[in-house]
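**Student:** Sequence:
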Amino acid sequence: MQIGAWRLRLDRLVYATVVLMSVLAVYDGWQGLATFLGVLGVILGPLVALALAHLFAEVLHAHAELRRPLTRPEWWELTVDQAPWFVAALPPLVVLGIGWLSPLDVLSTIRVLLWTAVATLVVVSGVAGRMAGLTGWRWWAAAASGGVVGLLVIGLQILLKPH
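Going from the sequence shown to the numbering used here is simple: count from 1 and add 4.
Among the hints, a few may not be true.
[Claimed, not checked] The calculated label-pair distances, taken between Cβ atoms and stated as ranges, are:
no. : residue 1 : residue 2 : range
1   : W143      : E69       : 18 to 26 Å
2   : L74       : V27       : 26 to 34 Å
3   : G33       : L74       : 33 to 41 Å
4   : L105      : R72       : 27 to 35 Å
5   : L163      : D109      : 21 to 29 Å
6   : E69       : M135      : 24 to 32 Å
7   : I162      : A136      : 27 to 35 Å
Please keep in mind that the hints were generated in silico from the structure rather than gathered at the bench.
Virtual Cβ for every residue (Gly too), placed ideally from N, Cα, C.
Can you build the whole structure from these sequences, using the hints too?
**Tutor:** Structure representation (structure tokens):
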């Protein structure tokens with residue numbers, strides 16, 4: 005998906021959203037996070053790890069494929085290509101900002117964050133369906149599939165969360 009000069013990869017947005025959902029669902033230290041920066045770290049930390057892991061994997065792959073060290077422009081291109089991972093942080097950061105300004109407590113804000121992630125998956129699925137030329141009930145089914153995946157992720161995290 006092209007947004008101006010920037011190419012947004014829907015697959016990376018989905019991966020990052022599911023990773024964030026998993027972290028939000030299983031993290032137990034919310035009550036101890038009294039600052040915006042603390043919650044911001046819980047949201048951005050997994051995305052930084054995901055971007056670094058992906059950069060590392062792409063660099064290894066490029067070295068093996070090219071059979072030579074990477075040039076500075078190649079390093080730069082691979083590094084900049086990791087920026088789309090952070091697009092997944094935008095909806096949670098907006099919700100976090102609103103939650104921080106509102107009378108919602110931390111746990112209520114986390115619930116809103118999880119449902120925002122489900123909504124993000126619905127929107128991404130709908131965009132992909134539209135780009136694939138789907139219309140009518142097929143488009144609705146494509147969009148709904150994102151919601152089903154989101155609900156499955158939440159359900160699995162609740163079932164697997166240690167009590």
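**Student:** Next step is simple, just say for each hint if it's right about the structure.
**Tutor:** Status of the hints after comparison with the structure:
no., hint, in the structure
1, W143 - E69: 18 to 26 Å, "violated, 38 Å"
2, L74 - V27: 26 to 34 Å, "holds, 31 Å"
3, G33 - L74: 33 to 41 Å, "holds, 39 Å"
4, L105 - R72: 27 to 35 Å, "violated, 52 Å"
5, L163 - D109: 21 to 29 Å, "holds, 25 Å"
6, E69 - M135: 24 to 32 Å, "holds, 29 Å"
7, I162 - A136: 27 to 35 Å, "holds, 32 Å"
Violated hints, in rising order: 1, 4; the structure is consistent with all others.
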